[in-house]
Amino acid sequence: MDLSFTPEEIAFRDEVRAFFADEYPADIREKVNRGIRLDKDDHVRWQKILAQHGYMGVNWPVEYGGTGWSPVQKYLFSIEMANANAPDVVPFGVNMVGPVIYSYGNEAQKQRFLPDILESNVWWCQGYSEPGAGSDLASLKTMAVRDGDHYVINGTKTWTTLGQHAEWIFLLARTNTDVARRQEGISFILADMSTPGITVRPIITIEGGHEVNEVHFEDARVPVENLVGEEGRGWTYGKVLLQHERTNIAGVARSKYRLARLKELASSSQHGAKPLMEQATFRGKLVATEVALKALEYTDLRTLAAVATGKAPGPESSILKIKGTEMQQRLDTLYMEAAGYYALPYVPDQFTLDAADDDVVVDSSEPTTALRYFNYRKASIYGGSNEIQKNIIAKHVLGL
Amino acid sequence: MDFSISEDQSMLQDSVARFIQDEYDFDSRQEAAATDTGFSADRWREFAELGWTAVPFSEEDGGLDGGAVELMLLMEQFGRGLVVEPYLPCIVLAGGVLKRLATEDQKATWLADIIGGEKLAALAYAEPQARYDLNDVAVTASADGDGYVLNGHKTVVLNGGSADTLVVSARTSGERQDAEGISLFVVDASSAGIKRKAYPTVDARQAAEIHFEQVRVGADQLLGAAGEGLATLKAVIDDATIAVCAEAVGIMQVLNYKTLEYSKQRVQFGVPIASFQALQHRMVEMFMIYEQTRSLLLHAVMTEEADAGADAALHALKIQIGTEGRKLGEEAVQLHGGMGVTWELDVAHYFKRLTMIDTLFGNADHHIEQYPLAV
Ligand SMILES: Cc1cc2nc3c(=O)[nH]c(=O)nc-3n(C[C@H](O)[C@H](O)[C@H](O)COP(=O)(O)OP(=O)(O)OC[C@H]3O[C@@H](n4cnc5c(N)ncnc54)[C@H](O)[C@@H]3O)c2cc1C
Numbered sequence: 001m002d003l004s005f006t007p008e009e010i011a012f013r014d015e016v017r018a019f020f021a022d023e024y025p026a027d028i029r030e031k032v033n034r035g036i037r038l039d040k041d042d043h044v045r046w047q048k049i050l051a052q053h054g055y056m057g058v059n060w061p062v063e064y065g066g067t068g069w070s071p072v073q074k075y076l077f078s079i080e081m082a083n084a085n086a087p088d089v090v091p092f093g094v095n096m097v098g099p100v101i102y103s104y105g106n107e108a109q110k111q112r113f114l115p116d117i118l119e120s121n122v123w124w125c126q127g128y129s130e131p132g133a134g135s136d137l138a139s140l141k142t143m144a145v146r147d148g149d150h151y152v153i154n155g156t157k158t159w160t161t162l163g164q165h166a167e168w169i170f171l172l173a174r175t176n177t178d179v180a181r182r183q184e185g186i187s188f189i190l191a192d193m194s195t196p197g198i199t200v201r202p203i204i205t206i207e208g209g210h211e212v213n214e215v216h217f218e219d220a221r222v223p224v225e226n227l228v229g230e231e232g233r234g235w236t237y238g239k240v241l242l243q244h245e246r247t248n249i250a251g252v253a254r255s256k257y258r259l260a261r262l263k264e265l266a267s268s269s270q271h272g273a274k275p276l277m278e279q280a281t282f283r284g285k286l287v288a289t290e291v292a293l294k295a296l297e298y299t300d301l302r303t304l305a306a307v308a309t310g311k312a313p314g315p316e317s318s319i320l321k322i323k324g325t326e327m328q329q330r331l332d333t334l335y336m337e338a339a340g341y342y343a344l345p346y347v348p349d350q351f352t353l354d355a356a357d358d359d360v361v362v363d364s365s366e367p368t369t370a371l372r373y374f375n376y377r378k379a380s381i382y383g384g385s386n387e388i389q390k391n392i393i394a395k396h397v398l399g400l
Numbered sequence: 001m002d003f004s005i006s007e008d009q010s011m012l013q014d015s016v017a018r019f020i021q022d023e024y025d026f027d028s029r030q031e032a033a034a035t036d037t038g039f040s041a042d043r044w045r046e047f048a049e050l051g052w053t054a055v056p057f058s059e060e061d062g063g064l065d066g067g068a069v070e071l072m073l074l075m076e077q078f079g080r081g082l083v084v085e086p087y088l089p090c091i092v093l094a095g096g097v098l099k100r101l102a103t104e105d106q107k108a109t110w111l112a113d114i115i116g117g118e119k120l121a122a123l124a125y126a127e128p129q130a131r132y133d134l135n136d137v138a139v140t141a142s143a144d145g146d147g148y149v150l151n152g153h154k155t156v157v158l159n160g161g162s163a164d165t166l167v168v169s170a171r172t173s174g175e176r177q178d179a180e181g182i183s184l185f186v187v188d189a190s191s192a193g194i195k196r197k198a199y200p201t202v203d204a205r206q207a208a209e210i211h212f213e214q215v216r217v218g219a220d221q222l223l224g225a226a227g228e229g230l231a232t233l234k235a236v237i238d239d240a241t242i243a244v245c246a247e248a249v250g251i252m253q254v255l256n257y258k259t260l261e262y263s264k265q266r267v268q269f270g271v272p273i274a275s276f277q278a279l280q281h282r283m284v285e286m287f288m289i290y291e292q293t294r295s296l297l298l299h300a301v302m303t304e305e306a307d308a309g310a311d312a313a314l315h316a317l318k319i320q321i322g323t324e325g326r327k328l329g330e331e332a333v334q335l336h337g338g339m340g341v342t343w344e345l346d347v348a349h350y351f352k353r354l355t356m357i358d359t360l361f362g363n364a365d366h367h368i369e370q371y372p373l374a375v
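Residue numbers (our numbering), protein chains in the order written: chain B, 1 to 400; chain V, 1 to 375.
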């Protein structure tokens, strides 16, 4: 057991730190710092910079252009990225469909899709959930019926995050209804969003933003060559993907950064008679949060170490999903509480870069506190709800 | 001890409940909230015609002599309907100061129109540096001839943009955080030197930043004795606390009901999600939170009515709303799954209002720090 980093690891950290200091565009940084929603171009521009430096395929094998980093390197990278307050990579391409394609796709698919994913030339979205199939994903009804060289797809996908930007969608669709288990007839299919018959309708979320969508398929004809792996095996591939999704889900680095900033905020006596940090109640919450975050960090590191010795992230990754999202939500709550009355104003205008000074009602470093708190109630719902994660732990870890 | 309400009180409760049920539908509420003022002027007129804007005022003032019980009954229903009209800022806050301090003349000039629903008012007391401390007042009122001149910045003034009349706390003497030296004034919101920037709040109300620059007020606009405004301010905030807590209890009841109904209809894994014991227990917790909160609400209202020093009871109630109440809201959203975080569903809006009620008049932490824990 050893808590310290090797000289090589420290050199790596310094290199990454310099990268974020030099290459992270100032205009994007300002937007993120001020809580302004990034547009598609911001994300793409930033991810292309990461790609140029070989920093996109953090979890990918080297042969497909990945970094081949050790768990410690991944951890250090995530810390530096969070400390720079740089936006996370949009996960649907690089963290979700990419691993499925390099694990189960054929050679042609690998060549066609993987480079564009790493270089952010194509924006992907995830078409799993349906109005009637959320937690019970296997009950999905979207049909892909074979017709010559095409699948004809009909159905509705929903909650499709950032689908309004997407050029491609990966979806689970039913190719066979005559099966013993519902999971067996499901296939993993890639579709060009410009295919006739695919339409996207926005869903506005609780805080007023547009980040999720409903995607309709009406006789959309998708070439059979866009099937990944074998017909009817999509459920298995999708599950692998979900576990990849969950490895990064603890969000430790980002939460550490946010806790550090919250402590700074609470130390400055901007409101009231004494700084929040000196008020016993708030201080107690900060302590409890820091303890919980330490526990999460070391649970995450233990998982990373296990993965490094060749173990796939198993059902234990459900712990990280539950505790990681609880931590995000806890921090959101504390920021909102720290804001006091300033949680109230809803001034969408101020969240654009050219807002006149006069418009900035709330002169706060975290002007979107309540909006973020409301929006992030999603975190315990998506990616497999926290209740479903507990069911997984109960069944597969505790053997109940 | 008697938990029952009188016949008159029961009639008031029924009339508001019926109105909310039959006429205050969610869609028109959303429409009203999306307008420039954030509420419907027609509705406000209706509230006045029905006598609700007169409830907490004495009969001599043209009111209905309502106390804490009437306020609770009304606000609970407003919570159930998620009413956006400015009852709290106009009637409870600004009206609350005027009814306590205004002279007969001042009432005729400023209060009568508020009770009648012809004019709107707001109470400008919060300041950027003050957080929840009512005694922290930096806005100044300097003596000037036989009147005063107001200078300074009031922040997040509820209904500040629509108000015709502003009741303002300002310092006539002493240091920024002194309890003494705070005075209350009533001013026309269109007076020279008043600059307002109104904006919506995340819970679909409106507030404003208000800047006072050399605003002249006459001696007849001072409410009560100079320098002695804090006690009144505190009493008014106590009323407002009861009001928003009653509103919160109404919201909690709706959230529980809607969550129960949704869980019985939403089918996953071939069964209604209500059949999962893990979720049943969560809904039982929500139910218990609601019952316990109602108990604390009644306790606070009865203590207030008995004039028995309601401080601890009010702190307790506000702590409960800010901790357990918030949990109830979060659970309602969680149990709705993705639907719970959509703008389209009313549950999201009930949740936002419930959460923001913690932010008003001291959040749970503030009240925990203030709680008079006796040995
Ligand atoms: C903001 C957001 C973004 C999303 N992005 C995407 C995306 O890009 N692509 C995509 O495919 N999907 C996406 N999702 C969908 C997400 O995965 C689903 O919302 C999630 O699986 C829950 O499904 P549901 O919303 O239908 O809730 P339901 O399944 O109806 O669940 C309702 C409640 O019941 C509970 N519950 C259900 N079953 C059980 C059980 N057996 N035991 C105990 N409790 C149970 C749930 O935990 C929840 O609390 C997103 C969702 C949100 C909110």
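If you're looking for bench data, these hints aren't it; they were derived computationally from the structure. Cβ atoms here follow ideal geometry from the backbone N, Cα and C, with glycine treated the same way. Be aware that one or more of the hints could be misleading.
[Said to hold, decoys possible] Here are some, though not all, of the chain B residues that point toward chain V, as calculated from beta-carbon distances under 8 angstroms:
| hint | residue |
| --- | --- |
| 1 | Arg-146 |
| 2 | Asp-147 |
| 3 | Gly-148 |
| 4 | Thr-156 |
| 5 | Trp-159 |
| 6 | Thr-161 |
| 7 | Ile-206 |
| 8 | Glu-278 |
| 9 | Phe-282 |
| 10 | Gly-340 |
| 11 | Tyr-346 |
| 12 | Leu-371 |
| 13 | Ile-381 |
| 14 | Gly-383 |
| 15 | Ser-385 |
Quick rundown of the hints versus the structure:
Below 8 angstroms, beta-carbon pairs count as interface contacts, and Arg-146 of chain B has none with chain V, the closest being about 28 angstroms; its hint is therefore violated. A least Cβ separation of about 31 angstroms between Asp-147 of chain B and chain V goes past the 8 angstroms threshold, and the interface hint is therefore violated. With its C-beta approaching chain V no nearer than about 35 angstroms, Gly-148 of chain B sits outside the 8 angstroms limit, and its interface hint is violated. A distance limit of 8 angstroms between C-beta atoms decides the matter here; for Thr-156 of chain B the minimum to chain V is near 13 angstroms, and the interface restraint is violated.
Of the supplied interface hints, the one on Trp-159 of chain B holds, with its beta-carbon coming within about 5 angstroms of a beta-carbon of chain V, less than 8 angstroms. At about 11 angstroms, the closest approach between the beta carbon of Thr-161 of chain B and any beta carbon in chain V exceeds 8 angstroms, and the interface hint on this residue is violated. At its closest, the beta carbon of Ile-206 of chain B sits 4 angstroms from a beta carbon of chain V; the interface hint therefore holds under the 8 angstroms criterion. Here the hint on Glu-278 of chain B is broken, as its CB sits about 11 angstroms from the closest CB of chain V, past 8 angstroms.
Taking 8 angstroms as the C-beta cut-off, the interface hint given for Phe-282 of chain B holds, the closest approach to chain V being about 5 angstroms. The closest approach between the C-beta of Gly-340 of chain B and any C-beta of chain V is roughly 5 angstroms, which is under the 8 angstroms cut-off, so the hint is satisfied. Given hint, Tyr-346 of chain B at the interface with chain V, holds; its Cβ is 4 angstroms from that chain's nearest Cβ, closer than 8 angstroms. A hinted interface residue such as Leu-371 of chain B counts as satisfied when its beta carbon comes closer than 8 angstroms to some beta carbon of chain V; here the least separation is about 6 angstroms, so the hint holds.
Given the 8 angstroms rule on beta carbons, the hint for Ile-381 of chain B holds: about 6 angstroms separates it from the nearest Cβ of chain V. With its C-beta approaching chain V no nearer than about 11 angstroms, Gly-383 of chain B sits outside the 8 angstroms limit, and its interface hint is violated. A cut of 8 angstroms between beta carbons decides the hint on Ser-385 of chain B: the least distance to chain V is about 7 angstroms, and the hint holds.
Comparing the model with each numbered hint stated earlier shows that hints 1, 2, 3, 4, 6, 8, 14 do not hold.
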